[in-house]
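2 protein chains.
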Amino acid sequence: MNYDNRPIGVFDSGIGGLTVLKHLVRLMPGERFIYLGDTARVPYGNKSPDTVQLYARQCAAFLRQHDVKLIVVACNTASALALQVLQQELPVPVIGVIEPAARKAVQATTNTRIGVIGTRATIASKAYEHSITAYAAPTTPSIYSVACPLFVPLVEEGWLDTPATRLIAEEYTRPLRESNIDTMVLGCTHYPMLAKVLAELMPNCTLIDCGECAANDARALVKPAEGTHTQINISMFVTDQTPAFTDLAERFLGFSVGQPERVSIDHVLDDKGQP
Amino acid sequence: MNYDNRPIGVFDSGIGGLTVLKHLVRLMPGERFIYLGDTARVPYGNKSPDTVQLYARQCAAFLRQHDVKLIVVACNTASALALQVLQQELPVPVIGVIEPAARKAVQATTNTRIGVIGTRATIASKAYEHSITAYAAPTTPSIYSVACPLFVPLVEEGWLDTPATRLIAEEYTRPLRESNIDTMVLGCTHYPMLAKVLAELMPNCTLIDCGECAANDARALVKPAEGTHTQINISMFVTDQTPAFTDLAERFLGFSVGQPERVSIDHVLDDKGQP
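Respectively, the protein sequence lines represent chains A and B.
Per the numbering used here, residue 26 is the first one in the first sequence, and the count goes up by one each step.
Per the numbering used here, residue 26 is the first one in the second sequence, and the count goes up by one each step.
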């Protein structure tokens with residue numbers, strides 16, 4: 026089989042998915058990436074399953090127009106609520122961020138007590154619980170889930186290590202600390218930015234970065250490009266040109282990507298929901 | 026002139042506008058109200074002017090389909106970025122939340138030092154500064170503006186008076202307290218929910234509720250219904266049926282409104298942007 030030089034598509038409700046893209050680029054430096062952030066409708070985490078599915082299908086349809094060979098759903102909410110419908114509809118492989126992290130958590134725990142933190146929608150979907158339970162079978166793990174809706178705005182404000190952030194993190198993680206978990210899934214792509222505060226609060230707990238796990242799975246699916254490539258090749262699209270994007274993108278990715286291109290994806294599906 | 030029995034239209038990016046609706050209902054109990062919350066695309070506060078204008082025009086077009094006699098833009102971001110275009114385009118009066126609050130602040134201040142807090146987009150628009158300056162002329166007031174982007178998520182979490190909320194409010198209001206303001210505009214419809222914490226931090230400061238000011242202006246425009254009406258008449262529409270809506274609505278309004286009707290407004294304007 027020859028090397029497939031089509032790009033890898035990655036989408037997220039906004040900028041959080043850039044923490045996933047960061048690992049994808051690190052692990053597959055020879056690949057071309059198309060990133061779409063649905064910044065006109067961000068966040069997905071407090072929207073209904075119907076709406077999240079529609080938005081995810083529009084994002085995927087846009088990426089398909091760029092002839093991608095693989096789609097990474099770099100958003101926990103969309104992975105929880107829309108992965109299955111995307112995998113059924115699309116002729117290319119689709120990877121979410123939940124199953125890879127759930128598998129890693131099951132491998133990492135030694136006392137079978139696992140914590141999961143995420144947005145309200147991700148936690149309400151119970152997607153991590155189902156996935157962790159499935160991977161752990163026949164063992165039955167104890168799973169403790171907490172929605173942490175204030176973490177995303179704190180990260181987007183750049184309040185990564187302020188007294189307020191510590192207080193809120195202490196509050197959210199209290200039930201997890203009391204449950205004596207030894208492994209915690211950061212079930213939202215923004216949360217790795219809070220890893221320092223969380224690690225200090227839970228020093229004996231393995232933190233699982235869902236983006237890193239998904240990037241590992243993506244690498245296993247893609248035949249490596251030949252030779253060594255060091256030039257980073259990312260085409261960046263957003264549905265709204267928000268003032269904070271460039272700064273936040275640099276903070277999330279660890280390098281600068283310049284101004285993204287703005288696109289409209291509201292009409293990428295027809296009235297019947299077809300591309 | 027006979028009493029005009031058409032309803033009053035009110036829209037917001039989500040639920041914040043319900044603090045405005047609350048005052049409208051209190052001041053005009055005989056009126057019918059159509060409320061639209063664009064919960065599928067909330068929040069507007071971190072989106073670009075173009076996108077906010079498009080969304081506001083779609084909201085207004087939807088309300089116009091219900092033959093409203095007056096539109097209240099119960100959202101500071103939309104008032105800051107889209108009021109003028111709505112007033113130019115629509116054949117009915119359109120009231121925003123900024124000018125009424127700016128006028129009230131100018132009347133309330135005695136030392137001509139006024140603070141304004143709001144979302145990032147509202148503060149960046151400088152809409153309050155322009156409006157306050159215009160009303161205060163020929164006096165030149167000193168205006169101190171601070172964006173408080175964490176307040177909306179705190180309110181939506183119901184963290185109205187927690188230690189973290191106090192800490193964040195202390196941080197945000199520090200420059201305002203140091204500036205010796207005697208009047209502060211709560212330039213976001215969510216912020217009246219934090220009035221207790223803010224009043225404790227700034228005991229010598231008059232807090233201006235933009236929704237109450239806008240409701241006063243709306244009443245002045247509408248010929249009162251005859252007789253006494255005590256039945257509250259609100260038709261509630263949302264663009265996404267989010268799980269938290271009913272609870273939050275009750276908390277914001279002070280009474281229960283039941284389940285809202287979900288509508289789609291993405292296609293309410295044609296390709297040329299016409300209704």
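If you're looking for bench data, these hints aren't it; they were derived computationally from the structure.
Honestly, I wouldn't trust all of these hints.
Any copy, or any two copies together, can satisfy a pair, since identical chains are not distinguished.
[What the hints assert, rightly or not] Here are the simulated lysine to any residue pairs, SDA-like style, with alpha carbons at most 20 Å apart:
(1) K47 to E114
(2) K221 to A172
(3) K297 to T137
(4) K297 to R287
(5) K47 to A172
Do the hints match the structure? See the list:
no., hint, verdict
1, K47 to E114, "neither (27 Å within a copy, 45 Å between copies)"
2, K221 to A172, "within (19 Å within a copy, 26 Å between copies)"
3, K297 to T137, "neither (45 Å within a copy, 58 Å between copies)"
4, K297 to R287, "between (25 Å within a copy, 19 Å between copies)"
5, K47 to A172, "neither (25 Å within a copy, 30 Å between copies)"
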